[in-house]
Structures are given as C-alpha cells and as structure tokens.
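**Q** Sequence:
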Amino acid sequence: MASGIRDRVVIAGMGCTEFGERWDKGPEALMVEAFEEALADAGIGRGDIEAAWLGVALDDMNVGNSALPLATALRLRNIPVTRVENMCATGTEALRAATYAVAAGACDVALALGVEKLKDTGYGGLPLRTKGLANDLWMPYGSAPGTFAQLAGAYTAKHGVEAGDLKRAMAHVSWKSHQNGALNPKAHLRKPVSMETILNAPLIADPLGLFDCCGVSDGAACAIVTTPDIARGLGKDALVSVKAIQLSASNGWESQYGEWDGSYVRNTREAARRAYAEAGVSDPRAEIGMTEVHDCFSVTELVTMEDLGLSDEGRAVFDILDGRFDRDGAIPCQIDGGLKCFGHPVGASGLRMAYEVYGQLLGRAGERQRDRINLGLTHNLGGAPANSVSAVSIFGRLE
2 MASGIRDRVV IAGMGCTEFG ERWDKGPEAL MVEAFEEALA DAGIGRGDIE AAWLGVALDD
62 MNVGNSALPL ATALRLRNIP VTRVENMCAT GTEALRAATY AVAAGACDVA LALGVEKLKD
122 TGYGGLPLRT KGLANDLWMP YGSAPGTFAQ LAGAYTAKHG VEAGDLKRAM AHVSWKSHQN
182 GALNPKAHLR KPVSMETILN APLIADPLGL FDCCGVSDGA ACAIVTTPDI ARGLGKDALV
242 SVKAIQLSAS NGWESQYGEW DGSYVRNTRE AARRAYAEAG VSDPRAEIGM TEVHDCFSVT
302 ELVTMEDLGL SDEGRAVFDI LDGRFDRDGA IPCQIDGGLK CFGHPVGASG LRMAYEVYGQ
362 LLGRAGERQR DRINLGLTHN LGGAPANSVS AVSIFGRLE
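Heads up: the sequence shown begins at 2 in this note's numbering, then just goes up one per residue.
Please note that a few of the clues may not be correct.
[Unchecked claim] With a straight-line Cα cutoff of 25 Å, these simulated PhoX-like cross-link-like pairs (lysine-lysine) come out: (1) Lys26 - Lys120; (2) Lys26 - Lys159; (3) Lys187 - Lys120.
Hints listed in this document are in silico derivations from the structure and should not be mistaken for laboratory results. Given the structure is predicted, the values throughout are model-derived calculations rather than measurements.
Take the sequences, apply the hints, and build the full model.
**A** Structure, rendered in structure tokens:
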C-alpha cells in the first residue's frame, strides 16, 4: 500500500446541526447552520475555501445530482463543487475527497459537508428503492431489519452464543446509546431508556426489537480541512490530524461464493486493516481511545467490535455486557449516542462521527468528555452485510 495521508491534513474547523425532526428548516438552511459553526471554528472566511464536496444519499433537493445547492446556500464563489453518494458512507466519502485534495496539493483549504432531510418524506426508517440494480439483484424482497437480523442469526450459529446472552448484549448496546444521547444537546433522542423496556419491546425482525433499530433524522455536519502549516498560521496550537481514511466495497464474493458464513462484515475488516496500517496502529485495543461506529442495528455494533479487532471472535457479547465499550469503559463507543440516539441523516452521519471525535480530542465535549483519548476511530457501513461499503477513519492529535 502507498504511504497514505497520515498527518498531511488537519481539520481546521467542524460544525454540526442538532439532529432530529427539523420541520422548521430545509436542507439548505441545515447546511448553512453547520457551515457557519465550522467557519467560525476554523477562523477563516468563506473566500478561503478552494473546493467543496457535498454528501447527500437520498435527497435530490430538486436539482438532480448536482452540488449546486451547496454553492448557492453557502455563497461559495465559482469554486469547484462536487456531489458524492456512497450509501451510509456518504459523509465520510465527502471528507475523503476533501482530505485527498489537500493531501495532493490540489488546494490548500477544502470543505466537506453532508446533509439529509428525511423526516418530511415520511420515511420511518431507511427506505428501499423500488427500482434499481441494487434492489433488483440483491434484495428485491428484503428489508434493512431483515438483513441485519440474518447477521445476528449467523453470528449466534457460528459462535454458539446463547440467544438470551445475545439479546442482553444487544439491549446493552441500545441502553448505552440512550444513556449517552441524554448528555448530548444536539442528539435526536435524549431520553434514557431502561434495560427492561428495551428487552420487552416488540420484535421487528427476530431477534431485533424496536430499540435495536435506529431511525432516520434531519441534519447536517461539515469539516474544513487544510495543511498543518496553514492551520498553525491561523494560530491553532492544538491540531486534529487525519491519520487514515479507508473504504472497502463488496465485489460479489459474499453473495456469490460459499466461503462467507454471514457472521461478520468482510469490508469492515478490510477497511480496518488498511486504516490501521495507514495510521501506524499496531495494537488497536491499546491505541484506539474511542470509536463511533455504524450502529444502524444493535447487532451491527456488536459484530463491528470484532471486525475492528477490538474484541476476540465470539467475545463481543461478553465484552459489551462487561462494560468494555461504555462511556467509562476501556474503549468507549458511541459517546455522543451514535446513530441510534444522535440520529442518522444518512449523508451527514460520517461527518457527525468525526465531529464527536474532533471535539473529544480537543477537550470540547462537555459532560461527555473522556480522558486518555489520543486516537479516535469512525466507521460507516452502507448497504447490507452481503453487499456493502465500509469506511474506517482514524483521527488523532498532531504533536
């Protein structure tokens, strides 16, 4: 693998809206809200931004697949603007593009912004398009809860985990996110929920209950990236560096061959392997101080802990129940509430995860602030376990 982008790009500023049912604002207003916070944080003017990427997964904003709404809403004057979409990894894809542009020397300051306005559409969860290649070939009669319930079934069968242990571990994942979301003023869901309530909730797709599933939200998040030298010239002493951004996409192996047993996500393992190499991480359990992962369903977070190498095979159930990934645990996960409670405006989620890591590294997280964090990891999973794109990013302080 090439030497990568480690420490060649830093985050100059970030912004994130409150996530939730934002009936009062359209996508353009949400973009402005996140952008203004990032611009003030970076300490630059909008005229300093030389290129921008807009991540939107589901909302065409009435202009097809163009990024023109970004340039118009933010009044970005005649710079290149590009729209990207990569399912639930869309926000990270926008950040990857902006980061690579700066690392390559194509521009000095770049913007990545992700936005989604879903509540107005009436979606109660992630929709399945009724037409299109992905739906026609891979899951013509499927649903998101159904495909991830299959992940839970395969995991249980492979590792011989008792159904009750798995159910309690999944409930703990959701309980933890609700506890953390209650401390986050920008989170969509801010009410703690008891383990009893979670365990007794109606089934959606066995073994997934109501509280094992995340919903969708309205919201936007953005990052302004630049070089370390330019950031220091802006008077910034504490710098958050992009250590790695890696993506892995399915090529048909999972669904067309007999080697995959359905109990893990190969793309997460591959993206993590590359990200650790790029960031120089040799022992992730000792070096990664926090994670923000794609908890679209509670079992996804559970399996992801093993896919990232933070739990041994078949042991994530017990690590979760032991509190290893709680806010005060060895490797906190979803300190901000995760997709489950911070919310999931699809195009913004990857950048929202980076926003929490960025705040934690700079000591800005208020009641949620943790110590001992030198490196933070974010993870997105778009699609279904059998046909997915996975993104793993690592951020840390630049000494």
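**Q** For the pair supplied as a hint, Lys187 and Lys120, confirm whether the alpha-carbon distance does not exceed 25 Å.
**A** Distance of about 16 Å is within 25 Å: holds.
**Q** If you draw a straight line from the CA of Lys26 to the CA of Lys120, is it 25 Å or shorter?
**A** holds, 11 Å
**Q** Under the criterion that the straight-line Cα-Cα distance not exceed 25 Å, is the pair Lys26, Lys159 satisfied?
**A** violated, 47 Å
Of the numbered hints stated above, the single one contradicted by the structure is hint 2.
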